[in-house]
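Please build the complex by placing chain B on the supplied structure of chain A, with the hints as guidance.
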Amino acid sequence: MTLLEERMRALLRWYPRSWRDRHGEVMLATLLDDAEARGLDEPTRTDAWSIRVHGVAAHATATTAAILAALALAVLVTVVALAYVDPFAGPTVPIPPGSEAFGPISVVTLASTGLGLGVGLPLVAWSVLALVGARRAVAASALLLSAAAPVVVGVLLAAASIVTTLYPTVTVEGDGSSSASGLVPAWVLVPAILLVAACAVPLLGDALPAGVAPWLRWPLAFVLACVTGAATVGLAMTMLLPPVAVALLLVAFAGMRADRDDVRTDATWSPQLVGTLGGVALCVGVPTTIFSVVANLGMVPVDGSAMRLVTALATAGSIAIVVAGAHMVRSVVGAWAWAPAAALLVAILGACAAIVLGEARLAYAAVIVASAACAGAALAGTALLVLPRASWRLPAALATGIVAALLLSQAFAWLVPVTWIAGVPLVVAALVRARRDARASPEPAYG
Amino acid sequence: MAQRMTESTFWILASLAEGRRHGYAILRDVERMSEGAVALRVTTLYAALERIVREGLAAEDGEEVVDGRARRYYVLADAGIDALELEAAALETRAKAARGRLAARGTRTAREALA
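Top to bottom, those sequences are chains A and B. The working numbering numbers the first residue of the first sequence as 1 and each following residue consecutively. The working numbering numbers the first residue of the second sequence as 448 and each following residue consecutively.
With the rest of the complex left out, here is chain A (with noise of 0.2 Å):
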């Protein structure tokens, strides 16, 4: 073997193994033809550089985005997990000098805050990116640059975000009482926006379609990019980071599934039966929704039975969704369908329940179990039908159900939002699904 093409097979070890397998030789055999072709006796510095590059790039597939998601969610959950611990059980650091906190200091609350902003984000960002990077569709330079701006903005919100907890910011009110604020600095989270936005624009430029007319190209991409960061550093700061992992879960699972060429893909549902569920969902949730910001704010007076209406329609709401996601769930899972079914009969039991006897409680625990077995179903049908090996399928079936239960028992606890903002994107699936099947098979034309 030459040194050439010594350093080569080096370099191509940067490629995931499963690509090295399909494409490893052939590639080779045209680097060395190139380098031989240039009277090269090892390869160029820009030449390593780009191997490397494309090789970490070639790791974004669809299985890749997967893994993401679920250490997101193992680490996401932890984070929910440590919120139902009581903070002054365990240990804590003492006052640092100087600082106008309180009492001791949580080794739980820090160490939670570290996790979800400094794990958790650059995860959950990672798995975004690998499915992006699973099209082939961008350069690989700037799919690693936009890899490299959630890892810093998560470890500086963490970072940040520790540090205002323990330095509070006390604000003393008029009355004489005083409270303590742990809130990341805007001058922290305005330059990680654009931090993440700076990043993002090359990505984002490479990825807009290649319709669109260049002078409209860059600027777009830098509102896009904007737009991006804010929501990144936006969902860093909620409790909406884990149902967007469990969400990229399934994106991910649904992708290895159109990998794998031995499953047929005929499968198939109505987009006018989820669009109108989606639509009535949002009829629901939208007015329940201003209804009970309203009702919060104590502008209007609110009696039992006009929060029993509230509790009713957006049980019939979720319900909606919950007909139109078994719907949609079944086209993918196939035999997992009746998990969804059993669901939505326990849902709309409790709902019936909740209505006759006035009790809001039973409503709530009713969708809560509901949407659990959907979801739980959906993942442990598509986990089933992904994992390659039969030995890995049952534990996690079991796994990803246990932990979609978990994780949507709290997304749930706002119920009516939940409602409205479901029926978005069903009714949004099911617009453009309807218009790829027009697409498909245009109308025969008449007269």
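Since the hints were made in silico from the structure, they are not lab data. Among the hints, a few may not be true.
What the hints assert, rightly or not - Some, not all, of what chain A presents toward chain B, calculated at C-beta under 7 Å:
| id | residue |
| --- | --- |
| 1 | A29 |
| 2 | D33 |
| 3 | E36 |
| 4 | I290 |
On a predicted model such as this, the values are computed, not experimentally measured, just so you know. Even for Gly, the Cβ is constructed at its ideal location relative to N, Cα and C.
Frame of chain A, contents of chain B only:
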């Protein structure tokens, strides 16, 4: 209008339009066709080929070992022929529009110079 294709996709498809080719032959052919203006890297070539095959514009068409080196051949698919036709037509329209305006400008400046 159909989505425009990227520069590297265009040149690779144009190279395959003549017949089945292996990776290194595409590289050389693109360089020759574009008169040296486009020099694809091997890494970019294989990333682009992976996407082109995934999108169904071209297909892998057998492998053979020549002088101990593996060669994989690629061949244009029907969808690739259509895409290349569309792209060529779009480029022709653009070039024609630009040429027309440049010619009009040329005659105007000539007239102004005479006046």
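We went through each hint and held it up to the structure:
Given the 7 Å rule on beta carbons, the hint for A29 (chain A) holds: about 4 Å separates it from the nearest Cβ of chain B. Checking D33 (chain A) against chain B: minimum C-beta separation of about 4 Å stays under 7 Å; hint holds. The criterion of a C-beta within 7 Å of any C-beta in chain B is not met by E36 (chain A), whose closest approach is roughly 10 Å, and the hint is violated. Here the hint on I290 (chain A) is broken, as its CB sits about 40 Å from the closest CB of chain B, past 7 Å.
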